[in-house]
Every structure is written in structure tokens, then in C-alpha cells.
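**Student:** The task is to assemble the complex, starting from two chains supplied on their own in separate frames and drawing on the hints.
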Amino acid sequence: MTNLTDLGVAAIRNGVANGDFTAREVAEAFNANVAAAKELNAFIVTTPEKALEAADAVDADRAAGKELGSMAGVPIGMKDLFCTKGVQTTAASHILEGFTPQYESTVSSNLWAAGAGMLGKLNLDQFAMGSSNETSYFGNVTSPWRRAGGSNTPMSPGGSSGGSSTAVSARLAPAATGTDTGGSIRQPAAFAGITGVKPTYGRCSRWGVVAFASSLDQAGPMAHDVRDCAIMLGAMAGFDPKDSTSLDMPVPDWESALNSDMKGKKVGIPKEYRMEGTDPEILKSWDDGIAWLKDAGAEIVDVSLPHTKYALPAYYIIAPAEASSNLARYDGVRYGLRDLPEGAGLQDMYAATRAEGFGDEVKRRVLIGTYVLSAGFYDAYYTQAQKVRALVARDFDNAWKECDVILAPTTPTASFGLGEKSADPLAMYLNDVFAVPASLAGLPAMSVPCGVNSEGLPLGLQIVGKAFDEQGVMNAGLAIEERAGFTAKPEKWW
Amino acid sequence: MSVNKADVAKIASLARIKMGDDALERMVPELNNILGWVDQLSEVDTSGVEPMTAVIPNVLRLRDDVVNADPKTGGDRRDDILANAPAAEHGFFGVPKVIE
Numbered sequence: 001m002t003n004l005t006d007l008g009v010a011a012i013r014n015g016v017a018n019g020d021f022t023a024r025e026v027a028e029a030f031n032a033n034v035a036a037a038k039e040l041n042a043f044i045v046t047t048p049e050k051a052l053e054a055a056d057a058v059d060a061d062r063a064a065g066k067e068l069g070s071m072a073g074v075p076i077g078m079k080d081l082f083c084t085k086g087v088q089t090t091a092a093s094h095i096l097e098g099f100t101p102q103y104e105s106t107v108s109s110n111l112w113a114a115g116a117g118m119l120g121k122l123n124l125d126q127f128a129m130g131s132s133n134e135t136s137y138f139g140n141v142t143s144p145w146r147r148a149g150g151s152n153t154p155m156s157p158g159g160s161s162g163g164s165s166t167a168v169s170a171r172l173a174p175a176a177t178g179t180d181t182g183g184s185i186r187q188p189a190a191f192a193g194i195t196g197v198k199p200t201y202g203r204c205s206r207w208g209v210v211a212f213a214s215s216l217d218q219a220g221p222m223a224h225d226v227r228d229c230a231i232m233l234g235a236m237a238g239f240d241p242k243d244s245t246s247l248d249m250p251v252p253d254w255e256s257a258l259n260s261d262m263k264g265k266k267v268g269i270p271k272e273y274r275m276e277g278t279d280p281e282i283l284k285s286w287d288d289g290i291a292w293l294k295d296a297g298a299e300i301v302d303v304s305l306p307h308t309k310y311a312l313p314a315y316y317i318i319a320p321a322e323a324s325s326n327l328a329r330y331d332g333v334r335y336g337l338r339d340l341p342e343g344a345g346l347q348d349m350y351a352a353t354r355a356e357g358f359g360d361e362v363k364r365r366v367l368i369g370t371y372v373l374s375a376g377f378y379d380a381y382y383t384q385a386q387k388v389r390a391l392v393a394r395d396f397d398n399a400w401k402e403c404d405v406i407l408a409p410t411t412p413t414a415s416f417g418l419g420e421k422s423a424d425p426l427a428m429y430l431n432d433v434f435a436v437p438a439s440l441a442g443l444p445a446m447s448v449p450c451g452v453n454s455e456g457l458p459l460g461l462q463i464v465g466k467a468f469d470e471q472g473v474m475n476a477g478l479a480i481e482e483r484a485g486f487t488a489k490p491e492k493w494w
Numbered sequence: 001m002s003v004n005k006a007d008v009a010k011i012a013s014l015a016r017i018k019m020g021d022d023a024l025e026r027m028v029p030e031l032n033n034i035l036g037w038v039d040q041l042s043e044v045d046t047s048g049v050e051p052m053t054a055v056i057p058n059v060l061r062l063r064d065d066v067v068n069a070d071p072k073t074g075g076d077r078r079d080d081i082l083a084n085a086p087a088a089e090h091g092f093f094g095v096p097k098v099i100e
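Going down the list, the protein sequences come from chains Y and Z.
Position one of the first sequence corresponds to residue 1 (the UniProt record's numbering), numbered consecutively onward.
Position one of the second sequence corresponds to residue 1 (the UniProt record's numbering), numbered consecutively onward.
Here chain Z stands alone, though its shape is the one from the complex (with noise of 0.2 Å):
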């Protein structure tokens, strides 16, 4: 499978980075080389194989449904969690303007 321009301009519309026309163009072929070359999995004959979703068997563990229930990663941690916003107001993390 290749992707043109179009597809690119699309694809980085998902992927959230703008991208002007030229980075547009020369993103192309350097995908569609990648993709060209990763094409050859479908020469794998997979039928009857599990996608691999755990590379070592283990259990997946649930936290305790309780606030607090690691002081790292429990409440109480606001002004941590802000400490890093490029614009924090109030207590809150300040965003650009998202209703018309």
C-alpha cells in the first residue's frame, strides 16, 4: 500500500502536527519507503495465529479502587501536577478559548 499527499496531509490532521506543503512532499516518499519495506509481512502466512498482546505471561494487576491508594499517584497532588503547565490558572490548566 502506498500514500500520497493527500493521505499524509490527512494522516498528520490525526496524528495533531500541522505540516506545511513542503514537509507534506517530502514525507511521502520517505513513508511510502518504510511501508514499501514493511509490506513483506503479508507474505507471513498468520492464519490460525493470536495476535500477541503480552510478550510474558502475567497477570494484569487493578489498583485498589481507593482514592489515595499510592500517595505518588493518589490525590492531593495538584499544585505537582501543575507545576509544569505552561499556563496555569486557578488551579486549573489554562486552555485557548474551545467553544464558539
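Excised from the complex, chain Y in its bound form (with noise of 0.2 Å):
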């Protein structure tokens, strides 16, 4: 028989369908592989029950000759921002420990309604702050992945989305919900060997969501291949009038419209991403990714992005200036955590529960956007970062003129031992430098898995698209996809 727990969603999805196995047997084999791998760290609650639960109302349904979801008998991890009506919802904090929500999120009740179940809740950079999951409160996940030749270090699944990445990559869940604000998706799909979106700003529902910086987070999918990234997005996104920032647009089915052949395409290469010391092995994977569209038809241009260098400093302005409005919220008031020292004040209180509450991370961003916006500062730090945005965003829209898509590679590494950066945040910060930009400028972007590199760890490249062409971007992907033929798996040791 099939191992259920290699197979993706849109095989779990047809298998189930065509009664080849029940929703149940899905469920129950992906529960006992979240149960044995605990040393991963990737989950922070479990709920095999909702897995279960889900799964039998699938199973039930189908017996009725109902018509299914297009998640239907999928068990999912859900990334612990999302919030999960019952279920603790922490954000990997300490100041939301004990935290549990009276109301479901857009995206995850969306997806309980295409047929998904929860398996638990994912593991995540604390308040998604962070490009290695080295600062959950709930303790680093160790990615399933290895340096080749028996090396025994813990590696880093990326972040924030890292128990997404970890869960799954080591078949603990054939796909989990992401979040990206600046590449939180991405990074952690690439250090993982899996497929990641971010679609356009405002596809996903934001309501919901554990709010990290408001005008750049979005939710995706990240799964095994592009097809179940497109039908995993498909379910996710839709209008939402309860968040103001929603796309009131039809949702594209995507899947169907899948199609590799780029002929007629233009395919964007950015010179600005050839970044001196960047790591010989990632520019080799980029020249294979342009080989790879070139064969599926693809015509490649060179394109200029000038304003890239800036980026990265105008997003650790912006992110850490919105962390530290939407942050605001946690104050021991109304949920979570508080600290109330003997005799102390309302302003005592607050101060010594965020203190308490947040780690070090948060407070190093809470920090740096409070300085930003304070008086005197603001148009020296924040308006110049929102106009030095405008120009990052122009340079996208220039480049349109001259092509369809962008393929960069998703990050200037492979993945990195625990630990091994975490002592400078600026170092950590520039994983980051080829995923911000399309953030900034809310475009719609992936990476998808391209090879291993000499430590047999994988790498990914980066497809970024013109606003709403999440499927001009998944075609790219597919053609990509298709060429690299990656069937690497992490060999298990947990």
C-alpha cells in the first residue's frame, strides 16, 4: 500500500475522492508522525482530534454522495498565527501563552470549509520576528534537514514560517498555512526543499492573523509541489469584507489553469541581484533556473531593479514601525499574560508584562519602531522609508514594461547551523535581501525548490509576478519545477 504520508494534497485530495483510501487513514497516518516527531519541535499544540474529526466528516460526506471540497481528507498544520476558535493561538510569545481565541480566522475557517483538518499548531518565530526560528518562546525548531557526510548539527528550517517548513518537508503534514512579510515563506520554503507562495497583498484575509507589520503580511500556502500550492491558495484566498485591506476580486482557479509552457514569455533577470560575495553555488542554481525557462519557451531579458540595496534598510524600519503600533495591543489588559508587581500602577503593570512577555527579539523591533516614529525622528526614519518604498515599487513597475516575471534566487544561502548566526541581527536581517522587495511592493512571489547544493542541503528559486498574476508566477514555477526534477528528502534521524 501507499505510504499516505508521502503523498501531497492534490494526491491525499483525488485518493480520497476516488475511495482509494478514507480520510480517516490520512489522518490517523500524519497523526502518528506528528506524534513521533517531537524532537522537530515543529508543532506547539496537537490536535489530532480536530485531524480525526474533520477527516470523518469527509469521510461521511462522501458516503452521502455529497460533492467535496477542494481540500477535502487534506490534514494541515496551521501556523500558530493564525487564530484557531478553541485552540491556544500564542504567536510563539509568552505574553499570549494560555491564549484561546473565541473566533476562527478567514483563512483557517476557510479552509475547514474546503474539507482541510488541523493537525495542530505550528511553531514560528516569535511573532514572526525572525529569519531562523531561533526566538520562539516554545524553543528553536531544528529543521529535518542535514549537512551531508553525517554531520549531527541542528540546522535552521528558516523563519518565521519554520515549524511550516519543518512540518512539511519531514512528512508531518502534507502542507501547512505560512505567513510573509518579509519573506517568511519563502526563506524557510527554500531551506527546506519545498514550494511556498506569497500571493498579492490582500488576497489572503487578514483578519484573524496575529497582525506583525499590517501593510506588508500575507498568508500563503506551502506544500510539496506547485499544483498543491495552487489548489492549497485557492482555498485560502477570497474577499473578506471584515478586513479593510481585502481584494474584492474573484479568486482565479489556478490549478486548472496550470500551464508550463512559457512560450511568448518574458522572464526578467535583475542584474542588482548579483550581489558581490554572493555564494557561488546560489549563482550556479540561478543560471540553471534561467536554463530552465529558457527550454520551456521562455524569452530572458535583463531587467533593473536600482533601488535594492535599499530595501532591506527601508523594511527593518517599516516592519519594526507597524510591529510596534499593532504590538501596542498586548498590555495585560484584556488577554494574555500580565505581571502585576506588589503595588504597582496601571504603567508599572503594562511595562513589566511586556517585559516579561516579549522576547528579545520583539523588544529590539518594538524598540527601533517606537524610536522611528517618536518626534523629531519620524520624517528622518519613517517617511523617507515609505518614500524609498514608492521607488522600490517603481522599479518593479519599470521592469514590467520589459517582462512577465522575475526569477531571482530566494536567499543568499543555503540553510545554517542553530545558532550560528543568531548573535547579529544584522547578519540574520540579510537573508532576507532578494525576498523584501517584493514584499514592499505586495507583489506575489514563490520559491520553489531547484537543488541541493555541495552540503546536500536545498536551495530555491524566487519567482516574483506583476500584481494579481499569482498564476503567471505558478507557471513559472511549474516550468522550473519540472526541469530541476528535485526528489530530495531529508533522511530521517528523529
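No false leads were mixed into what you were given.
Distance condition first, Cα-Cα at most 20 Å in a straight line; then the derived SDA-like pairs of lysine to any residue: (1) Lys-10/Z with Tyr-378/Y; (2) Lys-263/Y with Ala-484/Y; (3) Lys-97/Z with Ala-344/Y; (4) Lys-10/Z with Tyr-382/Y; (5) Lys-421/Y with Arg-26/Z; (6) Lys-309/Y with Pro-51/Z; (7) Lys-5/Z with Ala-355/Y; (8) Lys-18/Z with Gly-343/Y; (9) Lys-363/Y with Leu-14/Z; (10) Lys-10/Z with Ala-328/Y; (11) Lys-10/Z with Ser-374/Y; (12) Lys-85/Y with Pro-71/Z; (13) Lys-242/Y with Gly-74/Z; (14) Lys-10/Z with Gly-345/Y; (15) Lys-18/Z with Gln-347/Y; (16) Lys-363/Y with Arg-26/Z; (17) Lys-72/Z with Phe-239/Y; (18) Lys-363/Y with Ala-6/Z; (19) Lys-10/Z with Ala-355/Y; (20) Lys-242/Y with Ile-81/Z; (21) Lys-466/Y with Ile-56/Z; (22) Lys-18/Z with Ser-374/Y; (23) Lys-10/Z with Ala-352/Y; (24) Lys-363/Y with Asn-32/Z; (25) Lys-363/Y with Met-19/Z.
Derived coverage of chain Y by chain Z (criterion: at least 3 residues anywhere in the stretch with Cβ under 8 Å from a Cβ of chain Z; other residues may be distant): (26) 198–209; (27) 241–251; (28) 325–337; (29) 345–355; (30) 386–395; (31) 440–448.
Simulated from the structure, these hints should not be mistaken for laboratory data.
Note that the Cβ used here is the ideal one computed from N, Cα and C, for glycine as well.
**Tutor:** Next up, the structure:
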């Protein structure tokens, strides 16, 4: 019999619909893998009963001859940034430990409506702030991947969606939700050898998603391949009147329109991404990607994104500024932790609660954000960053006159060992250098695995598209996927 | 621009995060490192550029000015709203005394 946990979204959905196996069998198989993988620390809480309950509902619907949803029978991991009714939601912080939402996020409720079930809540960088999964209050997630040659150095699964990338690559879940503020879907997908899509800003509702930087945050799917991502994104996306920035436009049927023929398409190669000091293996993977897209019929053109260098520093003003504002709600009054020192007044309670509840990286970013928004510095930092952001977006607008999609590496390096970069926040921030520009411009972008480096670690290629053109992005991703023939899997050691 | 320990203490107080002397000391070089790096933005000529406020052209919608326009976000949710409060009493959030 097929090993059910090797299957992805499409194969599970089709197999359940055809009666090859039941949704309950699938849920049981993944529940067992989740239970046996505690060492990876990918989950903050597990919900095996939720997965079984959803599976039984799908099996009953099938038996009754009812039409099944697009994710029917697929158990997924839910990043612990999505509020789930009755199930603890923490954003991997101490300040929200024990918080049990009385409501369901729109994205998760869309997924349940499409027939998906929940295996548990996935670990992440605290408040999605981090690129290595070393900032969670609930401990680091360890990537299932190891350097070749018998190394047992624990590796980073990337961040912030590192629990998601680990769960999918270790076959604990066929797919998982991620959120991307400055690369938090694409970078962990690249590190773990899986596929992840950040859609156009506004495609997926942010209602019920713990906010980090509201003008950037966007949910998306993480799964084994492009088709699985197309299916899952279709289930997640859609207009939501409860989110004022939600796009009021129809959701295309991305899955059925998938087409890897790139004839007549132009692929832009941004010269500014060829940065000095980039790992030669990354450059090689980029050249491979160019050759594959050419083979698929695309024309390759050189484009220029002159403000690339300034995207990352602009991001590290804008995102902390928004975070300092969004995280003001954690004050020990309405929910979450309260630290009330003896004889303390309200202000002391706020300050003590936030000191106790936030981790170091969160504090660092809240302080930076508070500083750049404070009187006297607002124009020099925040307004200037918002102007630079406009220039970064304009660079892309100019590029779209020359090409349909842009191809670049997802990350400047492959995964690194846990602890190898955590002492230097700036070095860590540089991990997102290729991912952040598309985030600032709100554009759809994805990472697709393209091979492994000399250490046996996965590498990803990134495709960025025009606003609303998820289809063009996923089609180019599919063309790469078909030619890369990526089949590497982490060897089980946990 | 750079910050000293007194500046960080002021920022921490604005951010409502209690920080002891050690934490303040530690934070000074960390913040200066980051601020020094973001200072490169001042090189960019942004004259005539409008600051970006929305990434995707979109109309900001307003909710109908009606109580319970959406039952999920409207009224009659007192118990749900108080359910996670660290100190709820008599249908209110409990806080330490605020009047001297």
C-alpha cells in the first residue's frame, strides 16, 4: 500500500474522492508522524482529534454522495499565528501563552470549509519576527535536513514559518499555512526544499491573523509542489469584508489553469541581485533556472531594479514601526499575560507585563519602531522609508514594461546551523535581502526547490510577478519544477 | 544618528517595556548597529516622491454604521471578549487603581 504520508494535497484529495483510502486513514497516518517527531519541535500544540473529526466529516460526506471541497480529506498544519477557535494561539510568545481565541481566522475557516483538517498549531519565530526559528518562546524548531557526511549539527528550518517548512519537509503534514511579511514563507520553503507562495497583498484575509506589520503581512500556502500550492491558495484566498485591505475581486481557478509552457513569456533577470559575495552555488542555481525557463520557451531579458540595495533597510524601518503600533495591544488588560508587581499602578503593570512577555528580538523591533516613529525622527526615518518603498515599487513597475515575471534566488545562502548567526541581528536580517523587495511592493512571489548544494542542503529559486498574477508566477514555478526534478528528502533521524 | 543609554531608557518608557540597567546597556550598541545601517537610506534622492501608503491600489471600505453589522465583529459579544482577560469582574476588565 502507498505510504500515505508521502502524498501531497492533490494526491490525498483525489485518493479520498476515488475511495482509494479514507480521509480517516490519512489523518491517522499524519497524526502518527506528528506524534513521533517531537524532537523537531515543529508543533506548539497538536490537535489529532481535530484532524480525525474533519476526516470523519469528509468520509461521511463522500458516503452520502455529497460534493467534496477542494481540500477534502487533507490534514494540514496551521501556523500558530492564525487564531483558531477554542485552540491556543500564541504567535510563539509568552505574552499570549494560554490565549484561546473565541473566533476563527478567515483563512483557517476557509480551509475548514474546503474540507481540510487541523493536525496542530505550528511553531514559528515569535510574532513572526526572525529568519531562523530561534526566537520562539517554545524553543527552536530543528530542520529535518542535515549537512551531508553524517553531520548532526541542528540546522535552521528558516523563518518565520519554520514549523511549517519543517512539518511539510519531514512529512508531518502534506501542507501548511505560512505568513510572509518580508520573506517568511519563501525563505523557510527554500531552506526546507519545499514550495511556498506569497500571493498579492490583499488576496488572503488578515482577519484573525496575529498582526506583525499590517501593510506587509500576507498568508500563503506551503506544500510539496506547485499544484498543491495552487489548490491550497485557492482555498485560502477570497474577499473578506472584515479586512478593509482585502481585495474585492474573484479568485481564479489557479489549479486548472496551471501551464508550464513559457512560449511568448519574458523572464526578467535583475542585475542588482547579482551581489558581490553571493555564494557561487546560489549563482549556479540561478543560471540553472534561467536555462530551464529558456527550455520552457521563455525569452530571457535583463532588467534593472536600481533601489534593491535600499529595500532591506527600508523594510527594517517600516516593519518595526508597524509592529510597535500593532503590539501595543499586549498590555496585560484584555488577554494574555499579566505581570502585576506588588503595589504597581497601571503604567507599571504594562511595562512589567511587556518586559516579561516579549522576547529579545520582539523588544528590539518594538524599540526600533518606537524610535523611528517618535517626534523629531519620524520624517528622517519613517517618511523617508515610505518614499524609498515607493521607489522600490516603481522599479518593479518599470521592469514590467520589459518582462512578465522576474527570476532570482530566494536566499543568499542555504540553511545554516542553529546558533551560527543568532548573535548578530544584522547578519540575520540579510537573509531576506532577495525576498523583501517583492514584499514592499505587495507583489506575488514564490520559492520553488531547484536542487541541493555541495552540503546536500536544498536551494530555492524565487519568481516574482505582477500584482494579481499569481497564475503567471505559479506557471513559471511549474516550468522550473518539471525541469529541476527535485526529489531530495531529508533522511529520517528524529 | 545614534542613541545613548538615556535615549534607550526614554524609548523603552515610550514603548512601555520595563528595562533594567543591564538590558539598557546591552541594547545601546545593538540599536546603534541597526540605526547606523538604516542610515544609508538618507543617500537616496526622494525629492518629489510621495511616501507610499498603500501597496496595492484599493479603496478603503467603511463598515455600515450599524450595531451588529457583522455578527462576528458586532455587539453582544461581551462574554467572548472577556473570556481571555487576566482579571475580569462584573462584566468589565479589571485593572489596578488608576486614580491617586
